[in-house]
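Chains as they are written, first to last, in this note's numbering: chain A, 393 to 727; chain B, 393 to 727.
These are computed hints drawn from the structure, not numbers from a lab.
Treat the numbers as computed from the prediction; the structure is a model and nothing was measured.
Treat the hints with caution; some may be incorrect.
Since the list gives no way to pick out one identical chain from another, each pair is judged satisfied if it fits inside one copy or across any two copies.
Lysine to any residue pairs mimicking SDA-like chemistry, simulated, CA-CA at most 20 Å apart [stated by the list, open to error]:
#1 426 x 611
#2 663 x 717
#3 426 x 413
#4 663 x 712
#5 565 x 538
Protein chains: 2
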Amino acid sequence: MAGQRFEVLGLGNAIVDAIAQAEDDFLAHEGLNKGGMALIDESRASSLYARMGAATIMSGGSAANTIVGLASFGVQAAFIGKVKDDEAGRAFAHDIRASGVHFDTPFAADGPSTAQCLVLVTPDGERTMNTYLGACQNLGPADVDAELVRRSSILYLEGYLWDPPAAKEAFVKAAGIAHASGNRVALTLSDSFCVDRYRDEFLDLMRTRTVDIVFANQHELKALYQTADFDTALAAFRNDTVLGVVTRSELGSMVVTRDETHSVPASPIEKLVDTTGAGDLFAAGFLAGLARDCDLKDCARLGGLAAAEVIQHYGARPQVRLADLASESGLALSR
Amino acid sequence: MAGQRFEVLGLGNAIVDAIAQAEDDFLAHEGLNKGGMALIDESRASSLYARMGAATIMSGGSAANTIVGLASFGVQAAFIGKVKDDEAGRAFAHDIRASGVHFDTPFAADGPSTAQCLVLVTPDGERTMNTYLGACQNLGPADVDAELVRRSSILYLEGYLWDPPAAKEAFVKAAGIAHASGNRVALTLSDSFCVDRYRDEFLDLMRTRTVDIVFANQHELKALYQTADFDTALAAFRNDTVLGVVTRSELGSMVVTRDETHSVPASPIEKLVDTTGAGDLFAAGFLAGLARDCDLKDCARLGGLAAAEVIQHYGARPQVRLADLASESGLALSR
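With the hints as extra help, turn the sequences into a complete structure.
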């Protein structure tokens, strides 16, 4: 990849998902917070897996899903994330590369196994995630290839990186290099529980302009500003970030800057199957538009299109070429 | 399971599938026979995997898929098949048990790894399979729990068992015990290339009444009788088996006995996604009906219903409770 430029580089937790159907009773019995992401240790992962249903194994990870979505839109994309050199880690690397993404973060030779997320999907299509971070705990600043960051027009970071101890250093290092090279930096707040854990840090990242573009869903936004009132949260968000993008499930999305507000309806779907990856793929579509200089409303439309695709089947990676979907919807991306 | 009776016991190759999308050009370039199942060795599996797209990992195996489908209909079902005590093998065991199937075949402690099938799905929904048999080669007569066979009203065997050397002995042993106990024995011809490999053996199994019920698709049936004419093949089939079931894709299915012929249309679908498991799930529905004393046309309707479900998503295991699907379609099974 000598000298190759990338339109978007993602930095995130590299995770393999095990997706199973579950009844609401099962979540209640296991004490799981429906719709959230809980961190679990290896022994809990093993006991929960033993009790859950037949599982489909697919590569996942929030930022990784977004980056794969970008590649599916035909955008030049790269990813940094840590897996171990085990069966799951090799599958993660195979899948992301086979999706057209540049990925060359060195595998961990020892230490904890590749991260696993046990995803339980209830009959209403909502997903509840249980993540064993494993090898992600070994992601650190040394994994941030400065040259790769410099050569990537947009750096995309996930809030979940605040969980593994050394990953936030990798995050800050990458953001610093990106800005020093005149590139843009985007952040997703990831999850409302994650926002609860790192509220002050996330606000600080926004207010110090360590990040320029922030993705949040409505729950994360309310959690960020500790308010039940969406409009109050949105007003504060507008002040705190250069470009803010808020997803609101079936209500569509909103894009705010200091001076502008755009509201875009959700793309229609036939049947909600599994919400896993909805936010990740929305970000993919939005960033694809941004990378190709679409106006903000079209960016949001592209986001809605990708999110609608991914929630109509199990798993957080697209099953069709998103570039084709965009063309069919009159949103073809320019080169 | 002391004393527990089962309605259907399956004996087959225990396989984990890696499912990826592929273009027709890829199949041509790799020299693959579209729609068929090819046996490959470990090094070919590894090199083909390296070149194929991002993969979804799901438990598979023809008879195993059928048995999981039966459990989804609420039928008491058990399975015998060989995996190694490795990551994939443990996943196979987890999934089949989590699906409600009784499974206690001992894991292979050493030898080749758990069998893997690389499934390539082309844009037309057709699947092309490449199977590394691995640990299935260690399935032998010792794995056939005689008591389990005696206590299972229908024994279901896959033609693919003729591939691993010791498995056919397990097949013959199980069929003998089943008949000695007054139970019925069913066989699926599996694949037209498999029929080409073992034509004389399969005809012999039918003509000696080692098997009573035979499932075939139209291609397998024509291969069996080496004719391009479906009616010629069907007439021969009627003479050779007690109960014959032929699936014909969108043309539906036919059920033949010496004196009867029933034709049942295919269940309507919205979109064909992946034909993997179509025949396996048809057999599940048919056997569910047979186990609950439905008439032959309703058996075929139940088969069509289950096949229609499985071809509308990736993977060969049902994503909804087939018992509910049967009820909604006015085909609720009696207890």
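Handout entry: Up to 20 Å CA-CA - residue 611 versus residue 426, copy category
Key = Classified as within; 13 Å inside a copy, 47 Å across copies.
Handout entry: Alpha-carbon proximity context of residue 663 and residue 712, limit 20 Å
Key = Answer is both; intra-copy 16 Å and inter-copy 14 Å each pass.
Exercise for the section: Since the copies are identical, ignore which copy is meant and state whether residue 426 and residue 413 lie within 20 Å (CA to CA) inside a copy, between copies, both or neither. Expected result: Only inside one copy: residue 426 and residue 413 sit 13 Å apart there, 32 Å across copies, limit 20 Å.
Practice task
Evaluate residue 565 and residue 538 at a C-alpha cut-off of 20 Å and name the case that applies: within, between, both or neither.
Solution key: within (9 Å within a copy, 64 Å between copies)
Problem - Up to 20 Å CA-CA - residue 717 versus residue 663, copy category - result: both (17 Å within a copy, 16 Å between copies)
Of the numbered hints stated above, none is contradicted by the structure.
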